[in-house]
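Taking numbering that gives the first Met the number 0, the leading residue of the sequence shown gets 0, the next gets one more, and so forth.
Mixed in with the good hints there might be a few duds.
Stated by the list, open to error - SDA-like, lysine to any residue: derived pairs with alpha carbons at most 20 Å apart:
no., residue 1, residue 2
1, Lys76, Arg96
2, Lys337, Arg146
3, Lys186, Ala226
4, Lys186, Val311
5, Lys186, Pro147
6, Lys394, Gly404
7, Lys49, Gln187
8, Lys194, Leu289
9, Lys33, Phe65
10, Lys247, Thr206
11, Lys72, Ile42
12, Lys105, Ser7
Claimed, not checked - Between beta-carbon pairs, the in silico distance windows are:
no., residue 1, residue 2, range
13, Lys43, Ser383, 50 to 60 Å
14, Asp196, Arg366, 30 to 40 Å
15, Ser287, Ala93, 53 to 63 Å
Keep in mind that the hints were calculated from the coordinates and are not lab data.
Just so it is clear, the structure is predicted and the values come from calculations on it, not from any experiment.
No residue lacks a Cβ here, since even glycine has one placed at the ideal position from N, Cα and C.
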Amino acid sequence: MNYQPELSWEEVKKLVNEISRKVEGHYLNDMQTKVLKAAYDGIKYSRVEKTSDADAEQVNAENDNFYTEDHCKKVGKVIWDMLTKELGEEVKKANFRQPLKRHKEKQDNEKQASLPKTRPALMEEAKNPEPLEVQRAPLDPYFYIERPNVESLGYDKIREPGALIRITSAQGMGKTLLLGQWLEYAKQQDYESVKLDLNLADRNTLTNSNTFLYWFCVQVSNDLADAFTSLELQSKIEECWQNPATAKENCNRYIKYLLSNSECPIVIGIDNCDLLIEFYDTYEEFFSLLRFWHDSSKQSDRVGNIWRKLRVILVCSTQAYPNLPDNYSPFNVGVSVKLLDFNLSEVTTFAKHYELDQQLGEDGLRRLMGLVGGHPELINQALSSLKHQQTTLEKLLTLAPTEEGIYSNHLRKLLSILQKNPQLESAYKKVLTANESVRLDPEVGFKLDSIGLVKYSSHDCSSRYDLHRQYFSERLE
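Using the sequences and the hints, build the whole thing.
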């Protein structure tokens, strides 16, 4: 039997992460990785060090630099139980190396067996071929296509104390789905997470900043009720609002109270923030408060330590930017993540999900992208129509830029925006009638780009999608 060297820490971490991904659906979080590393290094649970402000505050009474032994045992038990389930033998802190080593040997043997066969073996297989079985994902209206570079940026920022992230793009680019991915990641890190949707706030709530900030606190406390069972959250909100202070001060006091009583970071994701643009007073009050929290997290004192537990993710459709008053800039604090079109590979993945990749082929997908680029919602709408309405690609492409086509609602919304903004309508006409890029006023170009009608670079604009060019060329005169 060949001698197998001991597994390195990187090999152990990789193996356990692979198993966690398979069994639990996600990789190890930071705390689990710390406990696994301690086990690998032979360190007692009572001596697992805290290393950053992002760590949960499971304090060892004897030394604030270490987690409690009970907390580490609980985390470790999750790991050992998972490995026991997957490896088919009892795994614990004292013996985990050997089961993992056997698991790796098995993996290596399987890889060796999968290497290209010799010519005689291939000829033998050709005589008795095995039928191919293609695995297809079930249709899912919330099917998510990964954007690794975008997701990893969010994962890094969520672990960053006091982070504020803005997801921006025109409608239909996948902002809400990305927010869901990031909030799920936060849960995997054992952070508390809150998801608010401003669509749930009525017009009266959005109109008045005092009412809105009260509503905001109530929604946050509703999502965190299970995590703070020992606290009377609603009573605390009422107590804060009985103060003769401003609504911003009351809201600030309440969120600070939550963070002070939390043993881990709190991630608040807010969808449809663009709805506030119409309500300027509320918009200014709320976003200035978010700016204050973000700035407070940079302080090197006790107050800064409290606000470093907060992470905020804002989802904003740039479709609303034409409604901004002149010389009124969008909120620009924190890190901005602008979602772009899918590329051909990602569109092909979409087509495979609908079992249309073979039917359409690369040529068919390129023709579709020639009309709508890689716009996620428009691509999804086309593939869904081809799958369920039994139409043909030829018919879909022909009718697409008309009122009878599948994109009529999308196109009418854009037409309505232009008709309400004569300056934008006039500028877009210039873009449509030009044979090359057109230089526009920066603010006008920015707004046309925000609603997804143009590609905007260094003040030069060109029509973004052929769908829009065909539709609006006949309607803007």
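Hint check:
1. Lys76 to Arg96: holds, 15 Å
2. Lys337 to Arg146: Satisfied, since the Cα-Cα distance of roughly 12 Å is no more than 20 Å.
3. Lys186 to Ala226: holds, 12 Å
4. Lys186 to Val311: Measuring from Cα to Cα gives roughly 14 Å; hence the hint holds.
5. Lys186 to Pro147: holds, 19 Å
6. Lys394 to Gly404: Given pair Lys394, Gly404 holds - Cα atoms ~9 Å apart, limit 20 Å.
7. Lys49 to Gln187: holds, 18 Å
8. Lys194 to Leu289: The hint holds at about 16 Å.
9. Lys33 to Phe65: holds, 11 Å
10. Lys247 to Thr206: Holds, at about 15 Å.
11. Lys72 to Ile42: holds, 12 Å
12. Lys105 to Ser7: holds, 17 Å
13. Lys43 to Ser383: 50 to 60 Å: holds, 56 Å
14. Asp196 to Arg366: 30 to 40 Å: Since Asp196 and Arg366 have Cβ atoms about 36 Å apart, the given range 30 to 40 Å holds.
15. Ser287 to Ala93: 53 to 63 Å: holds, 55 Å
Of the numbered hints listed earlier, not one is contradicted by the structure.
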